[in-house]
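K.L.:
Chain order of the listed sequences is A and B.
Under the numbering used here, think of the first position of the first sequence as 40, with each following residue one higher.
Under the numbering used here, think of the first position of the second sequence as 24, with each following residue one higher.
Derived lysine-lysine pairs resembling DSS-like cross-links, with alpha carbons at most 27 Å apart: (1) A:Lys-70 x A:Lys-45; (2) B:Lys-81 x A:Lys-118; (3) A:Lys-162 x B:Lys-160.
Keep in mind the hints are simulated off the structure, nothing from the lab.
Small disclaimer: the values here were computed from a predicted structure and weren't measured.
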Amino acid sequence: MSSVKKVTLKSSDGEIFEVEETVAMESQTIKGLIEDDCADNAIPLPNVTGHILSLVIQYCKEHTSSSDSNSSKSNEKLKAWDTQFINVDLNVLFDLIMAANYLNVKGLLDLTCQTVADMIKEKTPEQIRAMFNIVNDFTPEEEEEVRRENAWAFEISLKNNNVVDTFEVEESMAKELQTIKNMIEDNYTDSVIPLHNVTSDILELVIEDCKKHVEAAESESEPSYSLASKLIDDPLKA
Amino acid sequence: MSQMTEPPILNRLPYDIVLNILTRLPVKSVIRLRCVSKSLYSSITTPYFISTHLNHTKNDINRDNARVIHLPFSYRPTIPDCTVALDRSFDTISEIRIPFDFPHPNAQIVGSGNGLLCLAVLVYGNVIYLWNPSIRKFKKLPDPCLGNSRFVKMGFAYHSENNDYKVVRILSPPSSAQVVEVYTLSSGSWRRFEVSLGANGVYYYFRRSLLPAPLVSGALHWIAGEGEEDPKDRMIVSFDVNSEKFRKLALPPGQNIDAKNLETHISSFKGKLAFIRSEYPGRVFSIWVMREYGVDSWTKLFVVPFQRISRCTAFTECGSLLVFSYNYKNRIKSGREFVLVDVETLQEKNDLGIQISLSAATFMESLVLLDGANVVSY
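I would like the entire structure built from these sequences, with the hints used as guidance.
P.N.:
See below:
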C-alpha cells in the first residue's frame, strides 16, 4: 500500500480531490490547516470552483515534483510548462489569481499577475479599457489633455545605425512594421530601436509609410508599402 | 455554442492584487495607464503605489542588469547629454538630454537615489535640480541661503524614515565657521545651521575628489581635514540623514596623513563604505571597505595595478573602477584614455567611447516625483 499521505479537498461546487500532502502544502493556506490538525476530513474550499481547483492542483503538482532532488526538470522546462499552463481565457486567468491569492500559492500568484501585467504592457489605453471593462470617466477635454501631457510615453525612438538622427515615433504607428513590432515585444523597454543598415533618409520614408498605413487603415483603403519599408522588414533583399 | 462572456472587470480583483499586477509594469506603461481612467490616474499617483512599484524594481536588480548614469564634465557652451549604461561594463543603454538650463556647462551629478537624480553646477553648486528622467519630471531647487563659494561640498540622500529626499550643502571656508544647509523635498525649502566639530571648529573638505558623496547606513560621507592651511590629519565626516548630526569616522590605518598628489576618494561598494587611494604616481589603486559600519573594521579588499599613471573618475556599487591616463604627443598631453576595471576580477575594458572625465551615479527607473509638488513636466 502506498505510504504517501493524502489530503481531501472539496471545491465550492462539491467536487472532491484527493491530493498528496506535499502537493497540497504548496498552498500556505492548506499547509496551515494541516499543521493545525484541521485536515482529517475533506477541507472545504468555498471560494474555489472545481474547474479552477483542478488547475491549481495541476500547478502545484508540477512545481512540487520539480523541487525534488531527483527531478530532472530544468528551469527552462518548468518555464515552458508555465507558459503553456497560463495560456487560458481571461476569465479563467482572473479566477486563478483569486484562487492563488486565497490559497496563498505564491508561485502561481506571481505567474498569473505577471501574465496580466504582460498583457497590459502591450496595450493602448483603449485596448486596456476594452479588455478589463474599465469605464472612461474623462471628459473629452480632460482626455485630450492627459494624452498630450503624457504623449512621450507613447513614443519610441528609431535610431539609424550611425546614431546620428533619432526619430520619435508614435509606437502604434511603428508597430505597423513587423520587424519593429517584434523588437518592441521582445522587451525593448528602453524604447530605443536601433535599425542597422538604415540611413536617415530611408528612415524618414519608413516613418511616412507608417503614417500612411495607419491613415489607410482608418479609411479602410488598401495600403501600399514603399521600398523603404520593405528594406526594414526584409533586409536581406536589399 | 458558448455565450459571449463580459470581459472581467479589473475592479473585481481586490486592490492589493491590482497593485501586485500594476507595480510589475515598466515605468512607461504605468504612465500610459494615466490615460485610461481618472480612478486609475489617481491610484497610480499615490506614495504607496510609487514605493510598492519601486520595491518591485529594486528586487529585480542584480549585478548583471544594475545601471549607472553618467555625465561628462564639459567646458563646451552646451551641456552634454547624460548616458545610461550598465554598471558592470559601462555599455551604453541610452542617452538622455538634460531638459533644463544651467548657467554654466560644467555640471555634475551630486547623487542619486531610487531613480531620482540631483544635478548641480560644479563650480559654485548653487543651481541645483532634482530630476527623474524616467517620468520626465524635474524640480529646480530654490536658491540656497549660502552664496557662491569655492568651499562647497554637496550630497544627495534618500531619507528612508520619512520617505523623503534631502540635499545637503556644506560650506567650509578656511578660518571660518562651517555652515550647513539642508533641503528637504517635502518642505520644498532650505534650512541652515552652524556646525562645530573639531577643536578649532574648522574643517576642510577634501576637494579633489569629484565622486558623489556615498550614502551608507543612512548617512552621507565626505573626506575632511582638521586644522588650518594644509590639513595634515584627515578623517571621514558623516552626516546622518535622519538625525542631521555629524560624526567623525577614522580612515583606514595609516591613511590619515595627507601627502601631495595623493589621490583619495570615498565611495560605496555593495552598500558598504569604501575608501580608494592611489599610490603616487597613480600606478596602484588600493580599495578598503568598512566591513561593519561605524566600527573600526576597515579591510583592504582590492589592489588594482595599472601600467600607466591613472586617475580615478568613477567607482560603482558593483565594483567597476573607471580611470583615465593621459596620452602624450611630443611630450604634450593630447587626450585621455579611459579604462574600466572590475576590481573583483581585475578584468579590464578599453573601448568605452569616453573621452572626458565624468560623474557617475547608480540609476534605476522609478515613479519617484510623480506625486511631487511644483514639478515641471516635459
